[in-house]
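Numbers 725 to 833, taken from this note's numbering, label the letters of the sequence shown in order.
Take these hints with a grain of salt, some might be off.
What the hints assert, rightly or not - FRET-style restraints, in silico, Cβ to Cβ:
1) 804 / 764: 14 to 24 Å
2) 752 / 732: 50 to 60 Å
3) 741 / 777: 48 to 58 Å
FYI, nobody ran anything at the bench for these hints, they're computed from the structure. Where is the CB? At the ideal position from N, CA and C, for every residue including glycine.
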Amino acid sequence: MSLSRHERGLLDEIGRQLIEDDPKLAARLGQPPRPASNGWILAGEVLLTLTGFVILMSGAVLMSTALGAAGFITMAAGGTLASRRIGVPRFRWVKRPPNPEVRHNTLAE
Numbered sequence: 725m726s727l728s729r730h731e732r733g734l735l736d737e738i739g740r741q742l743i744e745d746d747p748k749l750a751a752r753l754g755q756p757p758r759p760a761s762n763g764w765i766l767a768g769e770v771l772l773t774l775t776g777f778v779i780l781m782s783g784a785v786l787m788s789t790a791l792g793a794a795g796f797i798t799m800a801a802g803g804t805l806a807s808r809r810i811g812v813p814r815f816r817w818v819k820r821p822p823n824p825e826v827r828h829n830t831l832a833e
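Using the sequences provided together with the hints, build the complete structure.
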């Protein structure tokens with residue numbers, strides 16, 4: 725749903741007032757947000773995986789199914805997030821079109 729002319733005019737007027745009142749804030753709002761450092765996020769995800777492993781082992785030692793399950797879920801979540809960050813290939817359920825340069829052995833040939 726698009727804005728009406730009146731609403732766009734009001735929004736432009738608010739933008740001009742912001743630039744006049746606080747040019748530093750207007751400049752900061754005009755910039756794209758900075759992404760968090762990938763290194764720190766990856767370290768947190770690895771730490772989450774290791775924490776899940778420790779909880780899983782604690783559940784095994786204490787013979788607590790609930791604690792073991794919580795540890796497994798935590799470990800799996802951390803591993804999944806970390807593997808997505810480092811670019812581990814995901815399963816592709818869609819078949820790629822064949823490469824015409826590669827000959828395939830088929831019965832029709």
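Tested hints:
1. 804 / 764: 14 to 24 Å: Holds, at about 18 Å.
2. 752 / 732: 50 to 60 Å: Taking Cβ atoms as reference, residue 752 and residue 732 lie about 23 Å apart, which means the hint is violated.
3. 741 / 777: 48 to 58 Å: holds (54 Å)
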